[in-house]
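Next come the chains, spelled out residue by residue.
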Amino acid sequence: MGGHELLEHTADVGIRAWGDDLEGALAEAGRALVELMGCAASSVTGTRRLLVAGDDPGALLVGLLDELIFVCESGDGVRDVAVSRTDEGLLASAEVGPPDPAAEGLEVKAATFHQLAVDERADAVEVRVFLDV
Amino acid sequence: MELERIDDVTWRVPLGTVAGMRVPGIVYGTEPLARRAVDDRAVVQVANVATLPGVVRASYAMPDVHWGYGFPVGGVAAFDPDDGGVVSPGGVGFDIACGVRLVRTELTWPEVAPRIGDLVAALGRETPRGTGRGGRLVLGRDDLLRVLADGVRLPLSRGIGNEDDATFCEDGGTSEEARPEQVSERALARGERQLGSLGAGNHFLEVQVVDAVHDGHAAGVFGLSEGQVCVMIHSGSRGLGHQVCTDHVARMDRLAPSLGIALPDRQLACAPLAHEAAERYLGAMHAAANFARANRHVLADGARAALEAVFRRSARDLGLRLVYDVAHNLAKLEEHDVDGSRRLVCVHRKGATRAFGPGDPSIPAAYRAVGQPAIVPGSMGTASYVLVGAATSEARSFGSTCHGAGRVMSRTAAKKRQFGAELARELEERGIALAPAHVGLLAEEAPYAYKDVNEVVRSCEEAGLARTVARLRPVGVVKG
Numbered sequence: 001m002g003g004h005e006l007l008e009h010t011a012d013v014g015i016r017a018w019g020d021d022l023e024g025a026l027a028e029a030g031r032a033l034v035e036l037m038g039c040a041a042s043s044v045t046g047t048r049r050l051l052v053a054g055d056d057p058g059a060l061l062v063g064l065l066d067e068l069i070f071v072c073e074s075g076d077g078v079r080d081v082a083v084s085r086t087d088e089g090l091l092a093s094a095e096v097g098p099p100d101p102a103a104e105g106l107e108v109k110a111a112t113f114h115q116l117a118v119d120e121r122a123d124a125v126e127v128r129v130f131l132d133v
Numbered sequence: 001m002e003l004e005r006i007d008d009v010t011w012r013v014p015l016g017t018v019a020g021m022r023v024p025g026i027v028y029g030t031e032p033l034a035r036r037a038v039d040d041r042a043v044v045q046v047a048n049v050a051t052l053p054g055v056v057r058a059s060y061a062m063p064d065v066h067w068g069y070g071f072p073v074g075g076v077a078a079f080d081p082d083d084g085g086v087v088s089p090g091g092v093g094f095d096i097a098c099g100v101r102l103v104r105t106e107l108t109w110p111e112v113a114p115r116i117g118d119l120v121a122a123l124g125r126e127t128p129r130g131t132g133r134g135g136r137l138v139l140g141r142d143d144l145l146r147v148l149a150d151g152v153r154l155p156l157s158r159g160i161g162n163e164d165d166a167t168f169c170e171d172g173g174t175s176e177e178a179r180p181e182q183v184s185e186r187a188l189a190r191g192e193r194q195l196g197s198l199g200a201g202n203h204f205l206e207v208q209v210v211d212a213v214h215d216g217h218a219a220g221v222f223g224l225s226e227g228q229v230c231v232m233i234h235s236g237s238r239g240l241g242h243q244v245c246t247d248h249v250a251r252m253d254r255l256a257p258s259l260g261i262a263l264p265d266r267q268l269a270c271a272p273l274a275h276e277a278a279e280r281y282l283g284a285m286h287a288a289a290n291f292a293r294a295n296r297h298v299l300a301d302g303a304r305a306a307l308e309a310v311f312r313r314s315a316r317d318l319g320l321r322l323v324y325d326v327a328h329n330l331a332k333l334e335e336h337d338v339d340g341s342r343r344l345v346c347v348h349r350k351g352a353t354r355a356f357g358p359g360d361p362s363i364p365a366a367y368r369a370v371g372q373p374a375i376v377p378g379s380m381g382t383a384s385y386v387l388v389g390a391a392t393s394e395a396r397s398f399g400s401t402c403h404g405a406g407r408v409m410s411r412t413a414a415k416k417r418q419f420g421a422e423l424a425r426e427l428e429e430r431g432i433a434l435a436p437a438h439v440g441l442l443a444e445e446a447p448y449a450y451k452d453v454n455e456v457v458r459s460c461e462e463a464g465l466a467r468t469v470a471r472l473r474p475v476g477v478v479k480g
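Respectively, the protein sequence lines represent chains A and B.
Per this note's numbering: the first sequence = residues 1 to 133.
Per this note's numbering: the second sequence = residues 1 to 480.
A portion of the hints provided could be inaccurate.
Straight line, CA to CA, 16 Å or less: simulated EDC-like cross-link-like pairs of lysine to aspartate or glutamate [as the list claims (entries may be wrong)]:
1) B/K415 <-> A/E104
2) B/K416 <-> A/E8
3) B/K415 <-> A/E8
Treat the hints as calculated values from the structure; they're not laboratory data.
Model the full assembly from the supplied sequences, consistent with the hints where possible.
The following block contains the structure:
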């Protein structure tokens, strides 16, 4: 089972997300980011494929969140995110549509490598990442 | 963790506080401010910066320092290229050349007070803000590249602003070290729609009144006097700058294993100044700095339009003139005294303002005899300050001072304490007109989430970083 929560930071915000496997935990972190940014889609009109290259799970997490920040900043809303591994890194697909005008959120500048953590166990994966807001 | 007291406002973070420190840390501020920096874990970050290759003298923390990511916010550190010194994009931050611009008018508060509501509403209309909003100028690709190369010269060439806007901007409004070709396609895509937009978070445009003059001579030189109405703009390089930092942190993170630099935090990713990756980052960073200055320049033109419309007088008649525009997130190659000799070092200021003392040739000629102005925004609804670099600032902090009040409380905690609407009512009861983009988010920037800016500024003065010129109080706030 996956889930996520926000972590406190003096100026910024962190995300702790978990899932059955790395893909599940990363998708949860993506959902947390979309909530935080208030860029949920009011309806789904398409899918955006997001390619993330990276050498390790932490870099993939930061890369995925940076891709989603770009999607939101370019004016799309996001309904959900699915993630799969590829040889080069990740392929994520984001269900997108017009953003929900009632949603309020933070302007997130970027995902950072600060205190970045990925804890991969046999039956569950937990990740932690801080965002610059 | 223990700090060693040097004097009332200077504290040493001794070698060995974290493994691998090459120089000590120095924290400036009164004892309560220094104590907060320890509790906040910012001091660990000050110590972490002191482990990076080629760091010289000390890793400094300004009195407003707080926990950041990698480098602390309010940190200053310099690195010697001849000693393996590095540049770290995280030591500048994502909002490259985020900074503050102060525009003076010849209007006095009694003239503005009856129209403050109209003025703030007009400023709100002229200031694109909040998340995901386009800016006042939508640029084609060629013009965007010109902004990256030439900074405020592009808006000036379109008749926006006047020559004073270049003269009284840091670096004359144009950093010549900019290399637009080092800015990625994605960063360009993020910048195309955003020139002349405020952004969100702690960014703001305020109408302020000079309510105390501490140094009459310097205030006179800067064109400031008691009772005068000014406009202060706090914004940065928007998505373009954020993406430049993202791109180059990721590149240096990938390079880290081959560079053999041990990092206590991955966000400190860096490259030796002699490395091609450093050169590419600095070129892109200066291009983003040019964008940030042009952004504040174009926002100020919106403020001009609002003032002209409300008072039905021309900008010239209103006496609009740029006092100064200065960044507080930037890295620069500068000459400083290091171990008894002058050396060219790369000074990182992240949440710190360059404030050179009198006489430096980089200061606009009209201000040179008094020193470089530093504009210090307070938290929402509290005082802001104009400081000027002290003669001792170079020896104390590579010529740097604070950049604001400095946060003490997380955004979530700030929102739990008060609803945005309640805070809005409180500010309005105190006579501050408001135009927030999102009332719900207002409480995140509440004054209680920040340190006391008065204490921060007093600490800077006592530590010999800067002198206080004037205090300004807000009378109208336009928030992102």
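Taking the hints in turn, this is what the structure says about them:
no., hint, in the structure
1, B/K415 <-> A/E104, "holds (14 Å)"
2, B/K416 <-> A/E8, "holds (12 Å)"
3, B/K415 <-> A/E8, "holds (12 Å)"
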